[in-house]
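The residues making up each chain are set out below.
Protein chains: 2
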Amino acid sequence: MTKKTKIGLIQLKISNNKDFNLKNSIKKIREAKKKGAKIICVPELFLSNYFCKTENHSNFKLAEKIPSETSKIFCELARELKIILIISLFEKKISGMYHNTNLTINEKGKIVSKYRKMHIPDDPGYYEKFYFTPGDLGFKKVKTKFGNIGSLICWDQWFPEAARLTTLKGAELIFYPTAIGWHPNEKKRYGKSQLESWITIQKSHAIANGIFVAAINRVGVEKKGKRKIEFWGNSFVVDPSGNIVSKLNSKNEGILICDIDFRKVENVRQHWPFLRDRRIDAYRGLMNNPKDE
Amino acid sequence: MTKKTKIGLIQLKISNNKDFNLKNSIKKIREAKKKGAKIICVPELFLSNYFCKTENHSNFKLAEKIPSETSKIFCELARELKIILIISLFEKKISGMYHNTNLTINEKGKIVSKYRKMHIPDDPGYYEKFYFTPGDLGFKKVKTKFGNIGSLICWDQWFPEAARLTTLKGAELIFYPTAIGWHPNEKKRYGKSQLESWITIQKSHAIANGIFVAAINRVGVEKKGKRKIEFWGNSFVVDPSGNIVSKLNSKNEGILICDIDFRKVENVRQHWPFLRDRRIDAYRGLMNNPKDE
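Heads up: the sequence lines are chains L and H, in that order. Here the first sequence stands for residues 1 to 293, where the numbers follow the working numbering. Here the second sequence stands for residues 1 to 293, where the numbers follow the working numbering.
Treat the hints as calculated values from the structure; they're not laboratory data. Among the hints, erroneous ones may be present.
The list makes no distinction among identical chains, and a pair is therefore deemed to hold if it is satisfied within one copy or across any two copies.
[Claimed, not checked] Keeping only pairs whose Cα atoms sit at most 25 Å apart, straight-line, the calculated DSS-like set for lysine-lysine is:
1. 291 x 4
2. 192 x 169
3. 110 x 226
4. 169 x 143
5. 145 x 108
6. 18 x 143
7. 188 x 129
8. 291 x 224
9. 129 x 145
10. 224 x 6
11. 169 x 291
12. 53 x 143
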C-alpha cells in the first residue's frame, strides 16, 4: 500500500486560445513533476475559457469524443513523466449528449478511470445544464500506484453525498477540478462569504470522511458579452482533520506541491471514527426528495 | 408561515448537583424569555455532570421514563412562558434500554416531539455506547408556532446524513444540544484544530442544506477519577450561508439570543440551489458500508 505521495495542483489562467492553454498546462505539469509531484491535476475544463457563461450552440464543437487528440497528448505525457494525471474535458458521448468529464490517466499512459460530473449547476453565468447531461457513471475510487484517489468536479463539492460515496468506494484523497469565481457586482457584498463557504464545505468533506481533499481552480477575469466572472483561484489541500495544509492565492497562476501521508487517514479515522457509527439502517430517506409542503 | 423568530441558547456550567442544575437552567431560560427568545434550547444532558466519562452501572439510575418529573417541570415552564423548549434527557425506555433524548415542548406545555440520538460515540472519556441504545425514531421536523425546527444531538453533528435527512423532512433550523470538550492532555496540540473542525462541520450543514444551525454546549472542567474534560462552550448560530451570526466564548456560562429570519432560507436556496440538484437516483450506496479492502 502506498503510504506517502506528493501531489501537484496546477492553478491556471486560461485564455481563449486552446493551443496556448494546452502548452501552458503541459509546461506547468512538467514543472510540477520536476518538483516531485506524482499525481497532478488541472482545473475544470482547462482547455478553454469557461464557455458556460452563455448558452451558445457553437460551443458544442469544443466537445471531444474520448479518446481524443487531447486525451492522447496527456496519456503520452503521463507515460513519459511516469505520473498520474487528472484532466478535465468537455466530452461528447453521442450527438446531443455531452458530459463534463474527468479522466484519470496512469503512469503507463492509460486512461484508468472516467468520471462524469454528477451534479450539474445552472445559475446566471454558469449555464451548465444547457451543455452537460448529468453523469451516468456514478462515484468512483481509482486505485493507482501512488494511492487510492477519487475525483469529483466543481458543483459536486457542495454535495456531502458525493464525497461520502467516493469515500465509501475507497478513495483517501479526492480531487475537485473547479471553475468558480465571483460575479463582479456581487464580489464586494458576498465575495468573502462565498469564498469561505467554498472552503468550508470542502474542509467538511475531509472531516466527515477522514480523507484528503484537493481543490484546483482557475484564476483571472473572463468576459463574454455582459457576462464577466473573476475566477478566484485559492486552490488548496485539506488534511483528514480539516486543516488547510497548502493554498495558492486568488490572483496568480501557480503550482501547489503538497506531501500526502496516507497514514493520516487511518490515524484520524481511529480517533474520530465517524465511519464506524453511520446509521445505514436509517438513511433510506437520502434517496428521496422532500415531500410537498 | 413564521417568517421571523428569536432563539435562546443556554450555555451552562454543570455541577454534580441535579437540583442546582435544574434551578440554574430554569433561571436562565426565564432570562432568555425576558430577552425575547421564543425557542430555547439547553445543552445535552444538562441535569448532571457528563457521566459518560466512565462506565458505571450506578449511572443508569439517572435515567428517567418520559413523561418524568423533570419533563413535567419543563412542560409547565414552557406553558407558563409561552415558548418552545428543547431539553435533553437521559431516557429510560424499558429496563436495559436507555436513550440520549431530546424533547421538544410547545408553548402549550405539550411534548410535541421526541428525538433519540441516532449516532452514538464511544471514545476514551465518552463511553456513550455503554449507556445509550442508538435512536429508533429516525430524523424529524417539528412544526411549531415559531418555525419548522429539528433537533439532533452532539455526535450526530459529524454526520452530513443527519442534517440532510432532517432538512429533507422540512426543518429550517437545527438545534444541536452538545457536550464536547478537550482532553487536557490533548488540548495544547490538537485543541484548536478540534474546535475548528467542530465549527466547520456544522457550518457545512448550514451551507449544504440552506438552513440555520444552532449548537449549544456546556462549559467548565468536569473530573471523575482520572478522567477530566474541559467542555469548550462556543455555542453558536450559523445562518444558511454558513456565516456565524452569534457566538459565546469557551469559558463562561451565557445566554445567546439570536434573531432568525426564515426568509433567508428560501433566498439562499434560490441562489445556491443544491437541493434542486441532488442525484437521488445515484445515492443508494449511502445505505451501505464500504466493501472489505
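- Hint numbers not upheld by this structure, sorted from lowest to highest: 2, 3, 6, 7, 8, 9, 10 and 12
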